[in-house]
Each structure stands twice: as C-alpha cells, then as structure tokens.
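Q: Here are the chains, one letter per residue:
Protein chains: 2
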Amino acid sequence: MMIDGSILVGSGNRRSAALFHAVNPSTGETLPQSFCAAGDRDVADACALAEAAFPAFSALRPEARAAFLEAVAEAILAIGDDLIATAMTESGLPRMRLEGERGRTCGQLRMFAAELSRGEWLDVTIDPALPDRTPPRADIRRMNVALGPVAVFGASNFPLAFSVAGGDTASALAAGCPVVVKGHPAHPGTGELVARAIQATVAAHGLPEGVFSFLPGVANDLGAALVGDPRIKAVGFTGSCAGGLALVAVAAARSEPIPVYAEMSSVNPVVLLPSALAVRADALGTGFAASLMLGAGQFCTNPGVVIAVEGEALDRFVAAAGEAIAAAEPLVMLTPGIHDSYRAGVAALEGNQAAHRIAQGPQASSPTRCTAALFETTAAAFLADAALGHEVFGAAAVLVRCADLDEMAAVIAGLEGQLTATLHMGPEDSAAAASLLPLLQAKAGRVLANGWPTGVEVCPAMVHGGPFPATSDARSTSVGTLAMARFVRPVCYQDIPDGLLPPALQSANPWNLPRTVEGIREVGH
Amino acid sequence: MMIDGSILVGSGNRRSAALFHAVNPSTGETLPQSFCAAGDRDVADACALAEAAFPAFSALRPEARAAFLEAVAEAILAIGDDLIATAMTESGLPRMRLEGERGRTCGQLRMFAAELSRGEWLDVTIDPALPDRTPPRADIRRMNVALGPVAVFGASNFPLAFSVAGGDTASALAAGCPVVVKGHPAHPGTGELVARAIQATVAAHGLPEGVFSFLPGVANDLGAALVGDPRIKAVGFTGSCAGGLALVAVAAARSEPIPVYAEMSSVNPVVLLPSALAVRADALGTGFAASLMLGAGQFCTNPGVVIAVEGEALDRFVAAAGEAIAAAEPLVMLTPGIHDSYRAGVAALEGNQAAHRIAQGPQASSPTRCTAALFETTAAAFLADAALGHEVFGAAAVLVRCADLDEMAAVIAGLEGQLTATLHMGPEDSAAAASLLPLLQAKAGRVLANGWPTGVEVCPAMVHGGPFPATSDARSTSVGTLAMARFVRPVCYQDIPDGLLPPALQSANPWNLPRTVEGIREVGH
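Chains as they are written, first to last, in my numbering: chain V, 1 to 525; chain Y, 1 to 525.
Heads up, some of the hints might be wrong.
[What the hints assert, rightly or not] Negatives, chain V to chain Y, calculated, CB over 12 Å:
1. A283
2. D340
3. D473
[What the hints assert, rightly or not] Between beta-carbon pairs, the in silico distance windows are:
4. A242(V) x V517(Y): 23 to 31 Å
5. A242(V) x D132(Y): 50 to 58 Å
6. D132(Y) x R133(V): 52 to 60 Å
Just so you know, the hints here were simulated from the structure itself, not pulled from any lab data. Every residue gets a Cβ at the ideal spot worked out from N, C-alpha and C, and that includes glycine.
Isolated chain V, as found in the complex:
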C-alpha cells in the first residue's frame, strides 16, 4: 500500500493545493512526503456520501457488519511493517509500543464485531398487545437504532488505537454509523495507510462507499466545518480540553444540536493511604515514577497528582520516585508542539510560589525529549489555586502533602472530574479507603486500587470516561463494548405489522437476539 497524501472521500482519492508535512519528532526534521489538506468541498461531499450510505449500512444484519469489522482488522495487519515503520517515524513511539497498539486496535475491532453479533446493544424490548385490558394496550417494541453519520477526531498519542480505526471509529461503525475521520496532522501517513485499508474493505464487502471517508488536515476550520455539517449526527474526539470544548460549542450552536463525546483532560489523582506508604513506600515511589514516565507521560491516564499524608514514609516515597525520575532516559515526545506545551506547563509550575520542584529527569540531549518533573505543594495551596490541578500533558506531576485524612478528603472533594482515581492501601487502611471511595467514585469513571492508572484494558466492564472536564459526557465511555451505546438512540414501534418491523423486532426473532419481553429478560443465544 502506497502513501501519496490523498484525501479519501468515499471510494475516491482526491488532491488539493493546500499541502502539509509531518515532522519526525525524534530528529525534528520535516518529512518529505506532502499531504493534501481537505477543504469544505471535501467535508460536504464526505458527509453527503455518509448520509447516503447510512440507511443501508445501519440496516445490515449484525453479522454482516461484524464481518466487515473483522476484515478491517485483517486489512490493517496486512499493511505489514510499513504501518509500524511509518508510525515510528511520525510519532517517535518505539516499535514494541506500536506493535502492541496495532494488536489492541485490531482486537478492539474484533471485540465490537463480537459484541454486535451478541446483540445486547440493541436492547430489544417487547411489550405485546393486551387487547382485553381496559383500555387495551397496543403492541409496543423498542430497539436501539444508529444515530447517523459520525465525525471522528483521533488523538496524537495513539496513532492507531485512538485514531483512524480506533475505538471511536470501531464503535460507531459497529453501531451502524458511517464515519468521517478528520485525520490528525501529526501522523498523516499512518492515518492514510489505515484509511486505505478501511476504504478497500468497504469496497471488498460491497458496502456503500460513504461508509468511510478520511479528511487529512491541519486547520481547526476543517474540524468545525465537519461538526457543523447538518448530516453529521454525533462526534467522537480525543484530545485537548480547548479542542474538545471548541467542538462542543460548534455542535451546540447547530440548528440541530448533536452529542459530542470528547475525552479531554484528566490528572488522574493517586491517593497514597498511610498504611500503604508504611509498608511499601519505596515500591510505590518507583512504581509511580514508572507510570508517570511511561510513554513520556503522554497518556490520558497519566498520574499527574499524588495525594498523601505527610510523614517519614512519604519522604521515602519521594526519595524513591525522585531517584527513578533522575535516572530515567528522557523520551521523545509526539510533536514539537506537545513538547513546547509540556515545557510551558512545567515552567508555570516552576514559577508558581506554592509549588516546589522535588525531582527532575536528566536534561534532554535532543529538542523534543521530555524531562520528567515532580513538584510538591500543600493541601491548602492546592485547594487555593486551581492551576495546580490542571493537566500538564507529559511526565510532570504534583504531590499534595496533606496533614491528615480529613485534608486528603478535602483535596479529593475539590478535584475536577477525572478519567481515573487510584487508591493505594495497606493492611490498616480499610476504614480510610471505605470513607474515601465514595468521594473518588464521584469524581472519576474508573476507580482502581493498588495499581497505576496507565494501561486501559479493552473489555466489557471498562469505563474510559468520567465527569467533566475529563470528558464532555460523563454518561459514556470511549473504550470497551459500552462505547457503542454512544452512537445509538432508542426508537419504539407501536402496532407496526410484523412484516414491516425491523428484523430485530419481528416476533419470530430471526436474528436470534436476547430480548426483554413484558419486562422479563430472555437470553437469546
């Protein structure tokens, strides 16, 4: 498969006069391949094709869409090492990480394929007619239907698993929604390779070409035009708070407002309870440092705030973490822009009177490597200055030293919404954990104990979401099977003749779906 910098609108490959280039973050060099930036005409055409594709695509038997998703996974694997090599060059991420991410991306596509075949997501619910009741009850049947074409904005930090064929695309396609991807400008070649794999699979499966389009570009205008197009019915986004909120504003201002699922910002608080520190301060320090610096700290779930009670054990934690941080080789960040933002964030903490740097990584030899940094502050200062609780994307964190458990609780209660909240507990911490868990649950989509927040399992029980500003919609997750629920709405059908009902609702249950009949759950398979 060749990269030529095209815009992929349905089955067509287009050129434009507006060209852009990616940068190799490891070297700072601009890469030679030029990419065409999509414009308003491409947005309109992609959305028109998506709208045209919607009725047939959403009405497909689930097994047919499942086969398509599995074929997309195969096609991505079939790209071979070109995909990994291109992603390495464009993202600075190491081979093993990207190979793992490719496995996750394909596994995720297969997971949605399995989930949609199982059929729970349709939530088929049937209340048969009660003609003898006074008044008689009509026959009422409910199922979930796809929302319509979905716009997807991938993230820079997962050029495969949260990008062109990432979780948003996979879950939207699974639900029956055509997808228009705004390609991330940091990895346009990686994006094009994956987009071509999807485009070829759409054609191979005889699906309408509008099921998928790929619009590379740099300008924010492109994204705004896409979200503003009246044919788009929902948006999936992973990125910055500013970017997410801009799309939320565009979506809310439409004559028909639409849902935006934006995963934005999180500092993923880690709470160290006293007994945990007493029995394993050193291991916690090194474990924390490893999670903080993993992937140069460029994870949504990066632990950016540590909350703990003062004392000798906490000092041991700091010493161990500081030693690990000081010894770690700085890693390449994803883009020069992200590195600039990281340095600005660290500089702001350094300039904050209430924060003190207590650990630092080695100075980087090349311009886009991430020098990790750990700061400390007091609970009072943290509560007084919201800036200390804002995300610095990269390997920087703030330790909040608390006088006691009450102060820890106050700090937790003052946090904004988070993707994750972590509790480390020791043998004597059960009472404290029991009192803090409800506070943590109120702030986060995932609460974990005795682990680190980085590493998001792709499984039915996963929630990768959380209260604002972690996401724009706390009722959703962007990882796991429940992600499909973002792209459907319930519709009920009253007294529709059986032969005219969607197959999922017909009395003979031709798709063999699990159903709830008269309020009682019947398991299908």
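Here the structure of chain V is known, so what remains is to put chain Y in place on it, guided by the hints.
A: Coordinates of chain Y only, in the frame set by chain V:
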C-alpha cells in the same frame, strides 16, 4: 393535608414575601390561596440538602428505594379527593381525566420500584482478573451510579403525571438521585399537596430530608438559579421549546456542564396512505378529529400535521374531520396564557397566505376555551415555510396535500425531529409503508401504525422522546422504565478488594442482580 402556600425545603416549610396566585381557567378568576415564591436562598438550601442526602440515598439497597417509591404512591392516593378537586380547579381538566392521571402517576412510581428491584438498570458487568494472561488482566467491574441531585420542571398539561411526582421525579428518585422540583405556577396547590406527600414519606422512611424539596414560583430566574447551582447534576423538563432551550443554555454555560432532558415541541405527523384513505376515510377523519381535540389538544403527542395524497378519499377525510370539529364543544385550556398563545398561533396560520382554514370548532362561550381549527396547505408551501410545521399547542392542525408518494416522502424528510410519527395504511399500502418507515424512524422516537399518537403507554418498551427539537437529547425517553437511564453514569472499579466494593459488584452478588460476566449475560432472579 392542608395547602398553605409554603416552600418545602427538605423537611422545613418556609414562607416568603413574594406571593403569587393561581387562576381558575374555567372561570378566569384568580384563586384566593396565596403561594410563596421561592428565591435564591431557597434554591441554595434545597441544593445543599440534596447534595448532603445524595451519598446515603444513592447507596440504599434497591428494595429500600423501591419501598419508598411505593409509599409515595400510597401517600398520593391517601390525599384523597382534595387532590382531584384542587387539580380540577387549577387546571380546568375534568375529574375522570385527573383520576386517570393519578392512577398513571402512582402506577409509574410502582413501575420504577419494580424496575429498580429487578436491577437490570445497574448493568452490572464483571471481567474477572486474568493473572496468567500476558500481560495480566486486572479485575474490572462496572455498574451504573446515580448522577447526583436532579432538578425537575413539571409541565402544565399533566399536573400529576408530568409534575411534582411525575415521571422525571419518579425515575430520578428510583436511580438514587435526590430531586428538587421547581413547582409549576399553574397548579401550585396541586403541587403542594403532592410535595407534602413526598416530604412526609421521606420522613416516615427515615431518609435524609434533602431527598426532596419543592420550590414553587413564577419567575424564570428561579429555574435558571436552580439549573445553575453547581450541586445539581442533571435536569428534567417538560414544556415549551423556548423554556427548554433556555435551561439547556444555562446548563451548557456552567463551569461543569450537565445534561438537560427537555421534552419540548412536536407536531406528531400523521401520514395517511392511499389505501387506508380509500377503505376508511370517514373513520380516519373522525378518529383524527378526536385525537386532535382530546384534552383541548394540550398533549405533547397531539397530531398537528397530516400528510396525505390528494384525491376524492382525502376530501372525504376532510369532510368527516371537519364535521367532527364543527360539532365539538370547546374545552377549557389550562391557563389564560396558553389560550392566548393558542389564539396567536391560529391567527398566524390564518394570516399565512399559504394556509387555508378548512374546518373550525364553535366559537367558545368563555374566554379560555379552545376553538379547534384545521388548515390545509400544499407540499410545496409546507416545504418552503418552516412556520407551517411549528407546533401550535392546542387543537390546531395543518393538512399537507401531496401530489404523490414522492412528495409525501419529501415532506417527511423535511420535518424536524418528533416525539411520534404515525402511519395509516390499508391493504394495498405495504410497499409505500415499507419505503416511508425508515424516513419516519429517522424523525421520531415512536413510530405507530393505524392508531393515534395521543395516549402514551407507561411500559418498558415505550420511548417518549425523539430527535431535536422534540427533545434536547434524542438518546433518552421521559416515559417508561428506560427513563431511569437518564440519571446514571457508568463507573468501573479495578482491583478493589471485594469488601470495599459496592454490594452490587461484590462477588457473592448479595443483591442477587442480573450480571454480565466475561461478556456473558447471567440472569439474576
């Protein structure tokens, strides 16, 4: 139970200097009882109490909240005929209608009680640890948790079933959310009686007082203050488009935006297919007129637009409908303001060059009675002027005369989002119905055949919702068991020790809930 015009903040009854009165719409007289309007202090106190009540209330065993909901139903019935008499005086609605609505209100509370005991709404999903996998998988468990305190804005047209103890309140309480009701000023005495029944039940069940507060008032400021309070986490609203959108704007402008479930405006298109008209034009005409004029047309599901193909059969439909409309006694509308808006809406249609009045009810003898009106227009005119498709709340409708099925399809495709869409079909209409059903499904939350949209069954399969502007969130319903889903969000727990997990997630399944384990559904009871 006495009505004294108090503001009910938790267990406390308060007075204020700002008084207002209700009007008897049947006579136009101002009623003697004065009611205290709540102010900012009351909003803040009610929200603080609700926040304080939330942890304990949301953590209750489902059976305990179910018993509370059932007791609320009993307490409403125990008010006795005072409730019906007060509601008749304040709303102008007839006794039989209000007795039926009371039954529906209590039945709804019991339905949510049963639903929350069944436990499907928690969506418990467990992926056990896989310690031997490479890398090992943590133990991950997901459930739905309540969002927090909910603000409820009742509707004028259902002083019981969509008001203080209506579907929004019942579903929010069922989900574990304390409720602060902004009382509707058209039926303050009815509201107070129901609010006192809930308040007494909260006390009798030993629940925290903040589980429920009732804030009567007239000014829009009161509602804005309530939605703007940072302790409120979701909003349920039924009313006008302007009112709903104002609350949506307040909610979106908060530092933490929250979901607003506003049910707003719908013209509930009715499509008459040729064979249906050919075989039963007269019956369709009288059936339509009855649905149009039911309750003076003051239903969210009132059929305000009829779409049909020109011809002799349609003329018979019009004649039958016109005869029924001309013969019907005008009914009292809910408030003088609603009657004024209705007359203005009808006057606008009369002044519209593209619309012609083809039927009218008798002129009303008293000032707030609704003189029904039926207009007609062409498909081209309807498509050219959006005003012809806007809701006129009351018994007014527009017939859109189409040249053929293609023109009907174009008219349907041009509609805004709707609560309902109705198809009348005869023996020869199956092909036409099959082609139009996907268009109707795209526009509505409920699609029905050979019936009338008025009359919303309260059952698991019901969807009372629909695309914007029918509601502000097409992914939800305000009627039926699925209404609870509006007030929860998913949270997952990773490697939390079993004893610290919420009971719903503990391995022994102490609440005997249905669960999904490793992606496989296990039925609990």
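Q: Just want to verify: D473(V) was marked as not at the interface with chain Y; is every Cβ pair farther apart than 12 Å?
A: Violated, because the least Cβ-Cβ distance between D473(V) and chain Y comes to about 8 Å, which does not exceed 12 Å.
Q: Look at the Cβ atoms of A242(V) and D132(Y) and judge whether their distance stays inside 50 to 58 Å.
A: Violated, at about 43 Å.
Q: Given a hinted range of 23 to 31 Å, is it respected by the beta-carbon distance of A242(V) and V517(Y)?
A: 40 Å, violated
Q: Mind verifying the non-interface call on D340(V)? Its CB should be farther than 12 Å from each CB in chain Y.
A: 27 Å, holds
Q: Given a hint of 52 to 60 Å, does the C-beta separation of D132(Y) and R133(V) actually sit inside it?
A: Holds, at about 55 Å.
Q: Over 12 Å from every CB of chain Y: does A283(V) meet that, or does the non-interface label fail?
A: 16 Å, holds
This entry does not satisfy hints 3, 4 and 5, going by the numbered hints stated previously.
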